Amino acid sequence: MSGIMVKNITKKFGDFVAVNNVSFDVREGELAALLGPSGSGKSTLLRVIAGLENPDMGQIFLTGKDVTPLRTQKRNVGFVFQHYALFKHMTVEKNIAFGLEIQKKDKKEIKQKVEELIDLVKLNGYNKHYPSQLSGGQRQRVALARALATEPKVLLLDEPFGSLDAKVRKNLAQWIRDLHSRVNVTSVFVTHDQNEAIEISDKIIVINRGKVEQIGNATDVYEHPKSKFVASFVGNVNVINANIKKNYIVITGTKEKIQFKEKTGINFQNIVLLIRPEDIIIKDNSTEDTVPCIINGIYYRGSFYEVDLKVGTNNVKSLVPKENFFKFEWQKGEKVYVRFRKFKIFEASEGHKKVHEMLKQLGYIE
Amino acid sequence: MENKTNCVEIVRKQKQTGKWILISVVLLWFFVLIIFPLIGIVMETFKNAISVITSSLSSTASTHAFWLTILITFVAVIINTIFGTIMAIVFAKQNFKGKLFLESLIDLPFAVSPIVAGFMFVILFGPGGWIGSWFYSMNIKIIYALPGMIIATLFVTLPFVAKEIIPVLREFGIEQDEAALILGASQWQIFWKVTLPSIRWGLAYGVTLTIARSIGEFGAVLVVSGSIINKTQTATLRIHDQFTDLNYAGAFSAALILALISFIILNLIQYAQKRKERI
Chain L
1 MSGIMVKNIT KKFGDFVAVN NVSFDVREGE LAALLGPSGS GKSTLLRVIA GLENPDMGQI
61 FLTGKDVTPL RTQKRNVGFV FQHYALFKHM TVEKNIAFGL EIQKKDKKEI KQKVEELIDL
121 VKLNGYNKHY PSQLSGGQRQ RVALARALAT EPKVLLLDEP FGSLDAKVRK NLAQWIRDLH
181 SRVNVTSVFV THDQNEAIEI SDKIIVINRG KVEQIGNATD VYEHPKSKFV ASFVGNVNVI
241 NANIKKNYIV ITGTKEKIQF KEKTGINFQN IVLLIRPEDI IIKDNSTEDT VPCIINGIYY
301 RGSFYEVDLK VGTNNVKSLV PKENFFKFEW QKGEKVYVRF RKFKIFEASE GHKKVHEMLK
361 QLGYIE
Chain U
1 MENKTNCVEI VRKQKQTGKW ILISVVLLWF FVLIIFPLIG IVMETFKNAI SVITSSLSST
61 ASTHAFWLTI LITFVAVIIN TIFGTIMAIV FAKQNFKGKL FLESLIDLPF AVSPIVAGFM
121 FVILFGPGGW IGSWFYSMNI KIIYALPGMI IATLFVTLPF VAKEIIPVLR EFGIEQDEAA
181 LILGASQWQI FWKVTLPSIR WGLAYGVTLT IARSIGEFGA VLVVSGSIIN KTQTATLRIH
241 DQFTDLNYAG AFSAALILAL ISFIILNLIQ YAQKRKERI
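Just so you know, the protein sequences line up as chains L and U, in that order. Heads up, the final residue of the first sequence is numbered 366 in this note's numbering, and it's a clean run with no missing numbers. Heads up, the final residue of the second sequence is numbered 279 in this note's numbering, and it's a clean run with no missing numbers.
None of these hints come from the bench; they were simulated from the model. Just to be clear, a hint being listed does not mean it is correct.
Lysine-lysine pairs mimicking DSS-like chemistry, simulated, CA-CA at most 25 Å apart [as the list claims (entries may be wrong)]: (1) 163/U to 274/U; (2) 283/L to 317/L; (3) 74/L to 13/U; (4) 335/L to 317/L; (5) 12/L to 274/U; (6) 163/U to 88/L; (7) 93/U to 74/L; (8) 93/U to 88/L; (9) 107/L to 122/L; (10) 105/L to 193/U; (11) 193/U to 107/L; (12) 99/U to 128/L; (13) 193/U to 94/L; (14) 193/U to 104/L; (15) 93/U to 193/U; (16) 65/L to 153/L; (17) 255/L to 211/L; (18) 332/L to 310/L; (19) 93/U to 12/L; (20) 12/L to 97/U; (21) 88/L to 274/U; (22) 88/L to 193/U; (23) 105/L to 74/L; (24) 153/L to 108/L; (25) 193/U to 128/L; (26) 317/L to 255/L; (27) 193/U to 108/L; (28) 97/U to 111/L.
Given the structure is predicted, the values throughout are model-derived calculations rather than measurements.
With the rest of the complex left out, here is chain L (with noise of 0.2 Å):
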């Protein structure tokens, strides 16, 4: 298979496990997100995978061939580092021509890729400047433009946008997420930010500890999280704490029971249903499946209100869009009912076998 795979990969810091026994394959032509939060092993798996650091265990294989063995420089991948790494002493043509310069290249050649680069960065005019007197969206793209004038099998990204502000990383991801679909370079890009992962990536990779937690794209992702964690993690959630008797499921704190659709006749204490914030449902009157809660707070956010709630001991959010929020004209300190439209149980503390083998025969969990 061409493409980047990840086979068996375990990489130690001493006794710290920075990844663990990952492994995943990107398509060619892809581009994948390795998501986590900080100190998940999601930089230190891309270094692996540019020979930057040697895996203590398993397996590196780029367009089909086995480069573990491979040094750093054999690889033939392209690098773009967090903080630019460019060549602080040397101009914008100078950075871009450095790797086809090692390489030993024709003087004209290089001089007319280096141009076509700039061009498809957008730098025209930049070619004698020094990092320096560029802005960092500027920085990031020489970096870019550095790292694909060797025309590498694979491009790396290690938190490409993360040290830009909010209004260029997000023009700077949209211009990527184009630039891929005219380069079509097998991509992978490490990032601890969901919304970005979502936004550019075909496929989504979410790392934890070292682990891999769960393989798909987007929507997958977000729908049908794996574990707890993938489910607060990408994307805001609610965390309800409750426990299942019998048929039903009882919130903490109150009496409310939101019935089962199918007869389990199980007990289990300790488990947290997670639902997303605009998968609660304000109604002025109560349902069989709505369960009582009190109004905290209301807050104005442009295209939709942002509504704090009771439930028993619990304290949760709900996305209300504006048209059904001047409908009902709730207050706070209001008695309203709320229906769960969507959710997905976990154990409170996870790894519970037995349970979570039941919980999923009820379609409650994946």
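Got chain L; can you put chain U on it based on the hints?
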């Protein structure tokens, strides 16, 4: 209202006075310590007419002394530039056990008096010393000869290059090296194309300091050389020799030359320092 402006005026005047006192103190200090002695040297030299100067400078002993200083400086600068750069790269980029201890040793030549250092080398490399006796049996003289003088100069100038480059390299970090590595560069290419250009002004600063110190070194070289005229006498030793022989004209003319050289080097140092700060 008027009172208030008066107060402001008085405070302002007090500040002004303070400023001028400070400036005068600095100027006085400069004159007493630097300008007066310099003028003194020049005056003293010229008083004894130019013929005396030229004759004392063109004496074989003086010429020899200057050439010896130049030779020792040249060798010391070459060796310490290469070794200092390697040392700096090792300390700034590698991690190994005992690194902190070794790094603290770089400062040792600053802390040890040059005379003490000289004695150290006499004990080590002298005919009775445990390294010196071996060389002696091979018929190679180190103490009271050129090799000893070079070793002593190397010792006192050891910290300059490394000390200047280490912080530059630390600040420089490892990312640019990694970027070059990924673009296919070998370690050798990384050194020449990436590392060296970014430390060049720090290096220039370190080298000028090394030159200045090598030319000016007195104590350590005096102990290991024995100051033998026409053999192991450097310019500073020559000045000292003539001074103790009451040959003031000779001492002053040689001193003037050294002072001039130092002045030029000082300007080079300042230039390198400014360039270093710019990047």
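Evaluation of the provided hints:
For the hint linking residue 163/U to residue 274/U, the alpha-carbon distance of about 17 Å falls within 25 Å, and the restraint holds. A C-alpha spacing of about 14 Å is found between residue 283/L and residue 317/L, which places the hinted pair at or below 25 Å, so the restraint holds. Proposed proximity of residue 74/L and residue 13/U is contradicted: the alpha carbons are some 71 Å apart, above 25 Å. Note on residue 335/L and residue 317/L: the hinted pairing holds, with a Cα-Cα distance of about 15 Å set against a maximum of 25 Å.
A C-alpha spacing of about 44 Å is found between residue 12/L and residue 274/U, which places the hinted pair above 25 Å, so the restraint is violated. A hinted pair counts as satisfied when its Cα atoms are at most 25 Å apart, and residue 163/U with residue 88/L qualifies at roughly 22 Å. Straight-line distance between C-alpha atoms of residue 93/U and residue 74/L comes to about 23 Å, which keeps the hinted pair within the 25 Å bound. As the CA atoms of residue 93/U and residue 88/L are separated by approximately 19 Å, the hinted pair is consistent with the 25 Å bound.
Straight-line distance between C-alpha atoms of residue 107/L and residue 122/L comes to about 22 Å, which keeps the hinted pair within the 25 Å bound. About 16 Å separates the Cα atoms of residue 105/L and residue 193/U, which keeps this hinted pair within 25 Å; it holds. Simply put, residue 193/U and residue 107/L have alpha-carbon atoms about 17 Å apart, close enough for the 25 Å limit, and the pair holds. For the given pair, residue 99/U sits about 41 Å from residue 128/L by alpha-carbon distance, which is inconsistent with the 25 Å threshold.
Simply put, residue 193/U and residue 94/L have alpha-carbon atoms about 11 Å apart, close enough for the 25 Å limit, and the pair holds. Taking the CA atoms of residue 193/U and residue 104/L, the gap is near 14 Å; set against the 25 Å cutoff, the hint holds. Taken as a hint, the residue 93/U and residue 193/U pair is honoured in the structure, with Cα atoms around 17 Å apart against an allowance of 25 Å. Between the alpha carbons of residue 65/L and residue 153/L the distance comes to roughly 11 Å, so the proposed pair stays at or under 25 Å and holds.
Our distance criterion of 25 Å between C-alpha atoms is broken by residue 255/L and residue 211/L, whose separation comes to about 39 Å. Under the criterion of a C-alpha separation no larger than 25 Å, the hint pairing residue 332/L with residue 310/L is consistent with the structure, at around 11 Å. For the hint pairing residue 93/U with residue 12/L, the CA-to-CA distance comes to about 21 Å; that is within 25 Å, so the pair holds. At most 25 Å may separate the alpha-carbon atoms for a hinted pair to count; residue 12/L and residue 97/U meet this at roughly 20 Å.
Only pairs whose Cα atoms come within 25 Å are accepted, and residue 88/L paired with residue 274/U is accepted, the gap being roughly 17 Å. With a C-alpha separation of about 11 Å, the suggested pairing of residue 88/L with residue 193/U holds against the 25 Å cut-off. Note on residue 105/L and residue 74/L: the hinted pairing holds, with a Cα-Cα distance of about 16 Å set against a maximum of 25 Å. Taken as a hint, the residue 153/L and residue 108/L pair is honoured in the structure, with Cα atoms around 23 Å apart against an allowance of 25 Å.
At roughly 18 Å between alpha-carbon atoms, residue 193/U and residue 128/L fall within 25 Å of each other, so this suggested pair holds. Distance restraint check for residue 317/L and residue 255/L: the Cα-Cα separation of roughly 21 Å lies within the 25 Å cut-off, and the hinted pair is therefore satisfied. Under the criterion of a C-alpha separation no larger than 25 Å, the hint pairing residue 193/U with residue 108/L is consistent with the structure, at around 21 Å. Straight-line distance between C-alpha atoms of residue 97/U and residue 111/L comes to about 47 Å, which puts the hinted pair past the 25 Å bound.
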